[in-house]
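K.L.:
I would like the entire structure built from these sequences, with the hints used as guidance.
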Amino acid sequence: MTLHRNSVAPANARSLPIRQLVLTLVGWSIALIIFFPILWMVLTGFKTETAAIADPSFLFSPTLESYQAVHARSGYARFALNSVVVAFGSTFLALLIAIPSAYAMAFLPTKRTKGTLLWMLSTKMLPPVGVLVPIYLIFRDVGLLDTRTGLIIIYTLMNLPIVVWMLYTFFKDMPKDILEAGRMDGASTLQEVFFLLLPLTLPGIASTGLLSVILSWNEAFWSLNLTSSKAAPLTAYIASFSSPEGLFWAKLSAASTMAIAPILIFGWMTQKQMVRGLTFGAVK
Amino acid sequence: MATLQLKNIIKQFGDTKVIKGIDLEVNDREFVVFVGPSGCGKSTLMRMIAGLESASDGDILIDGKRINDVGPADRGLAMVFQSYALYPHMTVEANMGFSMRLAGVPKEERRAKVLEAAKILQLEPLLDRKPKALSGGQRQRVAIGRAIVRNPSIFLFDEPLSNLDAALRVQMRIELARLHEELDATMIYVTHDQIEAMTMADKIVVLHDGVVEQVGSPMALYHHPRNRFVAGFIGSPKMNFLPVTLTGVTPEGVEIRLPGGGERSVPVDGVHLDANATLELGVRPEHLVLDEQGPLSGQIKVLERLGGQTSLYVQMDDELITIMADGDVAYRVNDTVRFGFAPERAHLFDAGGLALTSLQQHPLARLTRQDNRAATESASPGEQV
Numbered sequence: 001m002t003l004h005r006n007s008v009a010p011a012n013a014r015s016l017p018i019r020q021l022v023l024t025l026v027g028w029s030i031a032l033i034i035f036f037p038i039l040w041m042v043l044t045g046f047k048t049e050t051a052a053i054a055d056p057s058f059l060f061s062p063t064l065e066s067y068q069a070v071h072a073r074s075g076y077a078r079f080a081l082n083s084v085v086v087a088f089g090s091t092f093l094a095l096l097i098a099i100p101s102a103y104a105m106a107f108l109p110t111k112r113t114k115g116t117l118l119w120m121l122s123t124k125m126l127p128p129v130g131v132l133v134p135i136y137l138i139f140r141d142v143g144l145l146d147t148r149t150g151l152i153i154i155y156t157l158m159n160l161p162i163v164v165w166m167l168y169t170f171f172k173d174m175p176k177d178i179l180e181a182g183r184m185d186g187a188s189t190l191q192e193v194f195f196l197l198l199p200l201t202l203p204g205i206a207s208t209g210l211l212s213v214i215l216s217w218n219e220a221f222w223s224l225n226l227t228s229s230k231a232a233p234l235t236a237y238i239a240s241f242s243s244p245e246g247l248f249w250a251k252l253s254a255a256s257t258m259a260i261a262p263i264l265i266f267g268w269m270t271q272k273q274m275v276r277g278l279t280f281g282a283v284k
Numbered sequence: 001m002a003t004l005q006l007k008n009i010i011k012q013f014g015d016t017k018v019i020k021g022i023d024l025e026v027n028d029r030e031f032v033v034f035v036g037p038s039g040c041g042k043s044t045l046m047r048m049i050a051g052l053e054s055a056s057d058g059d060i061l062i063d064g065k066r067i068n069d070v071g072p073a074d075r076g077l078a079m080v081f082q083s084y085a086l087y088p089h090m091t092v093e094a095n096m097g098f099s100m101r102l103a104g105v106p107k108e109e110r111r112a113k114v115l116e117a118a119k120i121l122q123l124e125p126l127l128d129r130k131p132k133a134l135s136g137g138q139r140q141r142v143a144i145g146r147a148i149v150r151n152p153s154i155f156l157f158d159e160p161l162s163n164l165d166a167a168l169r170v171q172m173r174i175e176l177a178r179l180h181e182e183l184d185a186t187m188i189y190v191t192h193d194q195i196e197a198m199t200m201a202d203k204i205v206v207l208h209d210g211v212v213e214q215v216g217s218p219m220a221l222y223h224h225p226r227n228r229f230v231a232g233f234i235g236s237p238k239m240n241f242l243p244v245t246l247t248g249v250t251p252e253g254v255e256i257r258l259p260g261g262g263e264r265s266v267p268v269d270g271v272h273l274d275a276n277a278t279l280e281l282g283v284r285p286e287h288l289v290l291d292e293q294g295p296l297s298g299q300i301k302v303l304e305r306l307g308g309q310t311s312l313y314v315q316m317d318d319e320l321i322t323i324m325a326d327g328d329v330a331y332r333v334n335d336t337v338r339f340g341f342a343p344e345r346a347h348l349f350d351a352g353g354l355a356l357t358s359l360q361q362h363p364l365a366r367l368t369r370q371d372n373r374a375a376t377e378s379a380s381p382g383e384q385v
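Protein chains in written order, with my numbering: chain A, 1 to 284; chain B, 1 to 385.
Please keep in mind that the hints were generated in silico from the structure rather than gathered at the bench.
Please note that a few of the clues may not be correct.
Residues of chain B clear of chain A, computed beta-carbon distances all greater than 12 Å [said to hold, decoys possible]:
1) Ala2
2) Arg47
3) Glu53
4) Asp74
5) Asp158
6) Gly248
7) Asp291
Selected chain A positions facing chain B (in silico; Cβ < 10 Å) [to be verified]:
8) Arg112
9) Gly115
10) Glu180
11) Ala181
12) Gln191
13) Leu202
Predicted, not measured: the structure shown is a model, and the values here were computed from it.
Glycine included, each C-beta is placed from N, C-alpha and C at the ideal position.
P.N.:
See the structure below:
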């Protein structure tokens, strides 16, 4: 790269590193600003309660005190299991519904397809609290309160617009010719989807699924309002540390760190896939 | 082996008619080329034959059976797409065997058939590669191979060579012609390139704005274009058109006055002409000859030397006339040249753009590649057992 730049554009050779330095600094600053709360939370989790409410400082003697306290208090594993089941369950269900719908919209569009897509997305602009009471009452009447099934349903509904929309754009990018060639070769619609469409759009489907998992994992509004103990996921677990005993920052931070750790590691492992998927249409 | 008939095919998208009633017959083992400018409906027509698009009206018949409502896979056709449309996640072998895999053909049988096709196309060393590891020409051959293994009654080619570079295109053109001989199958080929049409077709179908302008052998279209559109579309460089004045009609032809005053008699049928009809003269660049005594003259604006030939672009009044001359002409830009043409090489078009019928049929106008083959077969009956 350097060689190439020097040999082709010697005039730019001097100005480019400065430009690059500035851009790098800006990039790092933004990344740090975004990451700082998480960093601070992790640090606070290793402080004592007194240190946590003292003047903010990076210098402290780390302790596992809070983690021990958090661990002693309640079953992290149960909440974590609920989170996993609900996040992956709702993602699976959402994909199951969204793949056929996105297929129809991408390959057999009608005059109203664009409108339907926009309408679906517009439901995401509605504040969820607007439908809290009706949903709560419905859930109560059909016995879905504090059940994983209930949460899976609500998360599926919550993520479906985004999942359909994303899959739609990925499917749109798929060359139509390939599907038509498949049709000429005798593929039924199902075979077309399983043998051609899914393998070829797998990166897109994977990143859509990952996004759906992350959104479901981090969702707090519905989980706090619709669950109490049995089906409560990690978001409810964190919340349980804030109210009843006052604010214990160190314990709260320790609990939060434990709650986001799985998804953070998961996200970090799959980030290559995520970035590829999210920029799929933009950079070819 | 199959015949295809189209009866009054119409295709409408909303209120726009893109195919406006097409009738056509494709004979068994014929190589038919649909040619026309972009947007003429040639691809849509092919997609309707393939079954990827439904006809709004009319009948499509293969071997006399109406197949409008038959699915694309069950029509017994195979299509080669412009983009090749290979399955990128499958090897060459899997690509070619996909249709058989869907049909539940056992693995060994699949492999045997794929190998057979690969042999014809010299693809054997590439069977384990994925499409992205192939060159353009190789991908093209895989796409053709995928069609061959299906053993279709009719091959459909949708501008298969337009993604290849010029040298490869010539090579694939020859290969396709050879393949047609070898497979002895009916082939329909869509292109906007009239050279591909001229070189490969038994029968050319010239399409324009959703209607068939003319159907005929390459030489028939070249020597006897039915109208001004076909005359201008077939042949390269394009035919020259000049406004001329009608001076008389005789049994031997139509007498005209050329721009610049010269008079000629063109051997076409003009009995139906009005005395003051507007006419247009059409002469191909290769039929214009430089001639000191020629009736036409103009100033050379551009001169392209190709070595063996020289193209002269000559300004005559408002028209830029193209002349294909010998490679050794000594003219230079801005020289004035005189030129003429043999009247039997000229075409006359009436105000509606229709050609006046030639009084003499060109001897080669009926020649097709199929006639050639039939001729050799009948000439040596002893060897054809």
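K.L.:
Evaluate each hint against the coordinates.
P.N.:
Cross-check of the supplied hints:
1. Ala2: Non-interface label stands for alanine 2(B): nearest chain A Cβ at 16 Å, farther than 12 Å.
2. Arg47: violated, 8 Å
3. Glu53: violated, 10 Å
4. Asp74: violated, 8 Å
5. Asp158: violated, 9 Å
6. Gly248: Holds, since 57 Å exceeds 12 Å.
7. Asp291: Per Cβ check, aspartate 291(B) is outside 12 Å of chain A; nearest 52 Å; holds.
8. Arg112: Where the cut-off is 10 Å and the nearest Cβ of chain B is about 15 Å from arginine 112(A), the hint is violated.
9. Gly115: This hint is violated: glycine 115(A) lies away from chain B, its Cβ roughly 17 Å from the closest one there, beyond 10 Å.
10. Glu180: holds, 5 Å
11. Ala181: At about 4 Å, which falls below the 10 Å cut-off, the nearest Cβ of chain B leaves the hint on alanine 181(A) intact, so it holds.
12. Gln191: With a minimum Cβ separation of about 6 Å from chain B (threshold 10 Å), the hint on glutamine 191(A) holds.
13. Leu202: Constraint on leucine 202(A) satisfied, holds at 9 Å.
Hint violations for this structure: numbers 2, 3, 4, 5, 8 and 9, all remaining hints satisfied.
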